[in-house]
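These protein sequences, in sequence, are chains A and B.
Under our numbering, the first residue of the first sequence is numbered 1, with each subsequent residue one higher.
Under our numbering, the first residue of the second sequence is numbered 1001, with each subsequent residue one higher.
Hints are not guaranteed to be accurate.
[Unchecked claim] Listed below are the simulated BS3-like cross-link pairs for lysine-lysine, each with C-alpha atoms no more than 25 Å apart in a straight line: (1) B/K1006 / B/K1164; (2) B/K1080 / A/K94; (3) B/K1108 / A/K164; (4) B/K1164 / A/K117; (5) A/K161 / B/K1138.
[What the hints assert, rightly or not] Which residues of chain B face chain A? A few of them, derived with a C-beta cut under 8 Å, are: (6) I1066; (7) I1086; (8) K1094; (9) R1095; (10) L1129.
These are calculated hints, taken from the structure and not from any lab test.
In this text the structure is predicted, and so the values were computed from the model without any measurement.
No residue lacks a Cβ here, since even glycine has one placed at the ideal position from N, Cα and C.
2 protein chains.
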Amino acid sequence: MLEKIKVIGFDADDTLWVNEPFYRQSEMEFAEMLSDYGDEEYINNEFLRFQLANLDRYGYGIKSFILSMIETALFITNNKANISIINDIIDIGKRMIDKPVELLDGVKATLEVLSDKGYTLIVATKGDLLDQERKLNKSGIEKFFHHIEIMSDKTEFSYRKLLKHLDINAEEFMMVGNSMKSDIIPVIDIGGNAIHIPFHTTWIHEQVDSSKDLKFYREMEDISEVVKLFSSY
Amino acid sequence: MLEKIKVIGFDADDTLWVNEPFYRQSEMEFAEMLSDYGDEEYINNEFLRFQLANLDRYGYGIKSFILSMIETALFITNNKANISIINDIIDIGKRMIDKPVELLDGVKATLEVLSDKGYTLIVATKGDLLDQERKLNKSGIEKFFHHIEIMSDKTEFSYRKLLKHLDINAEEFMMVGNSMKSDIIPVIDIGGNAIHIPFHTTWIHEQVDSSKDLKFYREMEDISEVVKLFSSY
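Work out the full structure: start from the sequences and follow the hints.
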């Protein structure tokens, strides 16, 4: 099957570079700020509730995260907090945006090899375009990619749109990513190829029952193994 | 020159559908909310200052607009306002997101004709992906477009990336839009074609000195004139 592959799509956050731990860190700071109003579990749960309620309107990314954090603070404090807490939340967001990029091990070498082999490499991510372009720019790996594909969500429907846009068939596409829900299952379900590389931290909204029977996808511990897979092509 | 054109890019906001008047309306509501702290001109100026200061971090779109509005409110009230004003600002944003789409006159018929002639039509916009997908979806014109191209900014650099992504030369590309600064000048400057269709309202940050001498672009009053231009091809 692999000989048909023309385009390899890479998820960005927690596949190419560290991301989720920064979100977790920001959530801990947020819970600390509101510690007079409830314990960390309660605050995290309310925050998640607002994030999910706002997902259709706001989508993914830091700006959405911050807007939901502001709404959660207003709710939890019943509009009684000092308004300066809003400034503190906005600062959390700006610090997240300004974070340096930490590439994951083996990423650069893997992209170099696959790029040399003539595959078209793209970033396929559902983050915010500006966040992701900024990270790609800081990362030094931009040159390996044909372009960034920002997807408002990673569903079968949106992968079909992506394939149409790339003018290729599903069997010509391979997706590499850390989320079973977003990077693997929908791609396999439309007839594409996928490699799952788990990351140690996964947002609760991305977690799925991994016992689902899925043929045709591969699990790897490290992105460098992707190169071995393609070594005979 | 026109016989070389393969791809026609359409700006979205205020080219395909009404947008800027909704932003102006929200600014008026915002100035009204803060009328105890200054007149409309002062509040608008401070708001613009925050929007421009945040542009590199936040980019364009409703979420950025709302985050800058919140920061402006904190600044103007010197953190003294009732925190409920933040809720009111968040509501402005949600109402903007939920607005129905008003297509501009002639858009649908124009897209129909150009699509039938075999041109690849794309939306090339620097808004927020989710905002723009939602509007395209509500608009009923999604079927005419090959895909939406979200650009973090509309500079010569980003148009060059777009052409690379489309695998075409500049002379094979025609851009149609309402902003001289974003849709016309950078496209002409890299050797592409462009049609300017002014809209009655333009954000101050998009305004340029229109006396700049630019050959090779056309000015039209109405999108329907685009069809006449291509009628002999």
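Tested hints:
no. : hint              : in the structure
1   : B/K1006 / B/K1164 : 14 Å, holds
2   : B/K1080 / A/K94   : 22 Å, holds
3   : B/K1108 / A/K164  : 22 Å, holds
4   : B/K1164 / A/K117  : 20 Å, holds
5   : A/K161 / B/K1138  : 17 Å, holds
6   : I1066             : 7 Å, holds
7   : I1086             : 6 Å, holds
8   : K1094             : 6 Å, holds
9   : R1095             : 11 Å, violated
10  : L1129             : 5 Å, holds
The structure is inconsistent with hint 9 alone, although it conforms to all the rest.
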